[in-house]
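Asker: Listed below are the residues making up each chain.
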Amino acid sequence: SQTIHQWPATLVQPVGSPLSLECTVEGTSNPNLYWYRQAAGRGLQLLFYSVGIGQISSEVPQNLSASRPQDRQFILSSKKLLLSDSGFYLCAWSAQRFNEQFFGPGTRLTVL
Amino acid sequence: QQQVKQSPQSLIVQKGGISIINCAYENTAFDYFPWYQQFPGKGPALLIAIRPDVSEKKEGRFTISFNKSAKQFSLHIMDSQPGDSATYFCAASDQTGANNLFFGTGTRLTVIP
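If you read the protein sequences in the order shown, they are chains L and G.
Start counting the first sequence at 1; every next residue gets the next number (our numbering).
Start counting the second sequence at 1; every next residue gets the next number (our numbering).
One should not assume that every hint holds.
Said to hold, decoys possible - Far from chain G, by Cβ distances over 12 Å, these chain L residues were calculated: (1) 1; (2) 24; (3) 27; (4) 51; (5) 71; (6) 75; (7) 77; (8) 86.
Stated by the list, open to error - Only pairs whose alpha carbons sit at most 35 Å apart, straight line, appear in this in silico DSBU-like list of lysine-lysine: (9) L:80 - G:42; (10) G:58 - G:15; (11) L:79 - G:42; (12) G:58 - G:42; (13) L:80 - G:5; (14) G:42 - G:57; (15) G:58 - G:5.
Please keep in mind that the hints were generated in silico from the structure rather than gathered at the bench.
Remember, it's a predicted structure, so these values are computed and weren't measured experimentally.
Beta carbons are placed, not taken as given, at the ideal position from N, Cα and C, and that holds for glycine.
Given the sequences, and given the hints that come with them, work out the whole structure.
Answerer: This is the structure we're talking about:
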């Protein structure tokens, strides 16, 4: 069966510091991968998606970037965090050509 | 622009009652409509989904009703239980991007004993 991992689970970072969040998927190959951000009490905002290694599409202009160095690895980064980057970051995967998306456990990021 | 509008924002239901959450969309290219359940501090979990070729889908106590002409769909939770207390998100997807999902803003459901 497929599983999706995210780490770290929680992170507290000062403004201006770099960020690296990692997501890995097991039990499948060539998945679509997604990064979402969820602000407190809000819905899910799609940040990036990837249909293959090195292929990244950005949905919103922002302070963040994403990379997919391996088939089942998706990384969310920032060079300098802003207060507004605080939130709950969720990684998700779907099989190619299928709509169902499955979410990871999330990373709670607090920028102080 | 919110592509999927969800209501109500919060809902309180007595144990054993029916919980109803509604969503509306504008994009007629949407062809997949899932519902997700999220507990505090956890990632959303896929609950049930429907495609526009059917008007209703039922899985256990959870039912999606779909009205294509009105561009609306709803989640009904029958015999609501305190364990159903969570935030529920509707979403919709078309064939663009990587079958990207557009989410509603969520409904916080509280089922009181």
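Asker: Look at each hint and say if it fits the structure.
Answerer: Hint by hint, here is what the structure shows:
| no. | hint | verdict |
| --- | --- | --- |
| 1 | 1 | holds (14 Å) |
| 2 | 24 | holds (14 Å) |
| 3 | 27 | holds (16 Å) |
| 4 | 51 | violated (5 Å) |
| 5 | 71 | holds (14 Å) |
| 6 | 75 | holds (17 Å) |
| 7 | 77 | holds (20 Å) |
| 8 | 86 | holds (15 Å) |
| 9 | L:80 - G:42 | holds (26 Å) |
| 10 | G:58 - G:15 | holds (20 Å) |
| 11 | L:79 - G:42 | holds (27 Å) |
| 12 | G:58 - G:42 | holds (25 Å) |
| 13 | L:80 - G:5 | holds (33 Å) |
| 14 | G:42 - G:57 | holds (26 Å) |
| 15 | G:58 - G:5 | holds (22 Å) |
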